[in-house]
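**Q** Starting from the given sequences, assemble the full structure and let the hints guide the process.
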Amino acid sequence: MIRSRTTCRTAARRALLILVCATLLPAIAYAHGERAQEPSLRLSTIQWYDTTWSSQQVSVNQELVVTGRFHIMGSWPLEIPSPTTLTFLNVGVPGPVFTRAESEVNGVNGVSSMALQLGGDYAYRIVLRGRLPGRYHVHPMLDVLDAGAILGPGQWVTVVGDPASFDDWITTLTGRRLNLVSYGLRTVIGWHLVWVALALVWLGYWIRKPLLMPRYAAVQAGEGDRLITRGDRMMAAVMLAATLVTAIVAFAVTNVANPVTIPLQSHQTKVPALDEPPASVTIEPETVTYLVPGRTVQFHLRVTNHGAQPVRLGEFTTANLRFLNASVSRADPDYPPDLLAPAGLLVQPNRPIAASESIEMYLEATSPVWETDRLTALMSDPTSRIGGLFMFFDPAGKRSIVEFSSSIVPTFTGHLVGEL
Amino acid sequence: MTALDSGTCRRLHPLVTAAVVIAIATAILSRQVWAHGGGPGLDYDPCAQWAGLNNYVHFSAYQPEFNRFAEYCGSIPQSGRTLLVFDLVGSDLTNAPVAVEIAQDGGTRRVSIPARRYPSGVIDVQTDLASGAYSAMLTIGTVPVVYRVHFDLEVGAWWHPLVAPLTVAAIILIIAVVYCLFQARTLAAEALRAPPLTLASSKPD
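If you read the protein sequences in the order shown, they are chains L and H. Anchor point for the first sequence: position 257 equals 1513 in the working numbering, and the numbering is continuous, going up by one each time. Anchor point for the second sequence: position 66 equals 69 in the working numbering, and the numbering is continuous, going up by one each time.
FYI, nobody ran anything at the bench for these hints, they're computed from the structure. Small disclaimer: the values here were computed from a predicted structure and weren't measured. Warning: the hint list may mix true and false statements.
[What the hints assert, rightly or not] DEER-style ranges, computed between Cβ atoms:
#1 T1323/L with R120/H: 34 to 40 angstroms
#2 R1391/L with E104/H: 46 to 52 angstroms
#3 G1404/L with F185/H: 55 to 61 angstroms
#4 E1542/L with A173/H: 50 to 56 angstroms
#5 T1669/L with F185/H: 56 to 62 angstroms
#6 G1404/L with A173/H: 33 to 39 angstroms
#7 W1412/L with Q129/H: 34 to 40 angstroms
[As the list claims (entries may be wrong)] Partner residues are not named here, just some residues of chain L that face chain H (Cβ under 10 angstroms, in silico):
#8 T1430
#9 V1548
#10 T1552
#11 P1593
#12 L1596
#13 A1597
#14 W1626
#15 T1669
We put the beta carbon where it would ideally sit given N, CA and C, even for glycine.
**A** What follows is the structure, encoded as structure tokens:
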């Protein structure tokens, strides 16, 4: 019987050890996970454009400014909660490697969450400061309530310097100058140690007794009432008293040391969209297909120019991927090359659309990124649609942005005009 | 405190064993995640291979006559018409000449495309493949910088998708059988130790 009990305990300990190891040794996670998001979340919700990063290398404490615009799709998918309730402008980086100094959307302070309008365009600015040295992928990002984080384009930025030199000074409403890097750190550690000590006493008291399996066996044998002794009850009373006293003392000491406090603030800002003139061009999709082996989205569109000036199609952008008509548009040389389709945008007819003219256009948007970023995993998505922005330019360079949304059908057969 | 008797421990032992097996399975099976859950990295993607520091080649195969919605990587279910697509990601690859060769194990060459540039970054190859093992080789660039990227293919491997679920099912069955054997053995031992039953009505009047 003694041998059997020992075997049982050993087996239980091994199981516990393996469970602990499995918990403590997680697999490595790579980057931000945007490729795991459904295609409709990336293709048909928020379109980011004009994104710039002030530098690709900053020192610790040096500022990095991310600016750009985003368009909230008017044809926002019904199954995805929209940003008209609560949205927060954030930045997507792997952990607290930067600190955010300020942010704004259409000139409104971005410190709080905001409500945005479907179909609206917004200009944003995020100021970060380098904190931990390393090379990071920096994205602007919108956190939409119940929909999750929707990432903008990412650029690799290197932070160099000594992490110990990082500081974060602020002035409080009462005029105190504080360095948030170290402020209150000793107090936090001290109180944590007090609670850890209390917890260890409580754990130690019970661990010295027989543990799970013998107690389970006693309950099974109808002896459960005898498991808690008078001494256990006394120890529990002492621990309860110690816990309450510690909490009360901690509260009192903190209040005396910091008499002026304000509660955590909650606020929702309504940010009006940019006052942009309506697009002078309209687009009606006739057919849109995705040629799977060619990695090409083929558009058959009817395009009408309602403006007074001729316009040319310069760019199609969706899910942070840009397809440029090389004869009209060029990207900033510092723009991340992995977000530019190498084959660009094939446009037929590739000529200006005259004022009041309506023509049929055929476009090819070819890129391996359709596949490698899983943007065309249409059959596993509840919304087999593609969205994006078409950008037209008049002879003076004035841009007209047209939102586009259409169903899309994957196909394995088709002819491409452009060369693979 | 009541001591744990040997019967209780014996009854609990299979549960402990099952917990250990589940813990090991959890620890091992959770190591690898095959989804495209990352940013620019591709270490998670079994259908992609690096070609240089910042470039990679992604491979996928399709058999639209068999299943229009499925994309395959190393195991292709049936022989017959197959579309092989290689995605070249990275400007170094779209600017370099790429030669494609697909050979059956044993050396028979099935596809050979001489080196040329693919500005769009997409190489689309259509071919008929019989059952068997193949290797697809891409030679990218010119001397002195040449990358060789190699993908293994197995055609006619319709049973591959069954391996993982059947393995899990087999483990569950083995655990269940072991548990039942323990219970049966315990029951037999207890029956042997118990006093024989006497029937009150068997006494003659």
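**Q** State for each hint whether it applies.
**A** A quick look at each hint next to the structure:
For the pair T1323/L and R120/H, the supplied restraint of 34 to 40 angstroms holds, since their beta-carbon distance comes to about 36 angstroms. Between R1391/L and E104/H the CB atoms are about 36 angstroms apart, so this pair departs from the stated range of 46 to 52 angstroms. For the pair G1404/L and F185/H, the supplied restraint of 55 to 61 angstroms is violated, since their beta-carbon distance comes to about 47 angstroms. The supplied range of 50 to 56 angstroms is met by E1542/L and A173/H, whose beta-carbon atoms lie about 53 angstroms from each other.
Distance hint check: the CB atoms of T1669/L and F185/H are about 60 angstroms apart, consistent with the given range 56 to 62 angstroms. Distance hint for G1404/L and A173/H: a CB-CB separation of about 38 angstroms, consistent with the stated range 33 to 39 angstroms. Checked against the given bound of 34 to 40 angstroms, the beta carbons of W1412/L and Q129/H, roughly 37 angstroms apart, stay inside it. Hint status for T1430/L relative to chain H: violated, with the closest Cβ pair at about 42 angstroms, above 10 angstroms.
Look at V1548/L: its Cβ gets to within about 6 angstroms of chain H, closer than 10 angstroms, so that hint holds up. With 10 angstroms as the threshold, the beta carbon of T1552/L comes within range of chain H, its nearest partner Cβ sitting at about 8 angstroms, so the hint holds. With its C-beta approaching chain H no nearer than about 5 angstroms, P1593/L sits inside the 10 angstroms limit, and its interface hint holds. For L1596/L, the suggested interface contact is upheld, since its CB lies about 9 angstroms from the closest CB of chain H, less than 10 angstroms.
Because the closest C-beta pair between A1597/L and chain H is about 8 angstroms apart, less than 10 angstroms, the hint holds. Restraint check, W1626/L versus chain H: the minimum CB separation of about 9 angstroms is within 10 angstroms; hint holds. The closest approach between the C-beta of T1669/L and any C-beta of chain H is roughly 8 angstroms, which is under the 10 angstroms cut-off, so the hint is satisfied.
Hint violations for this structure: numbers 2, 3, 8, all remaining hints satisfied.
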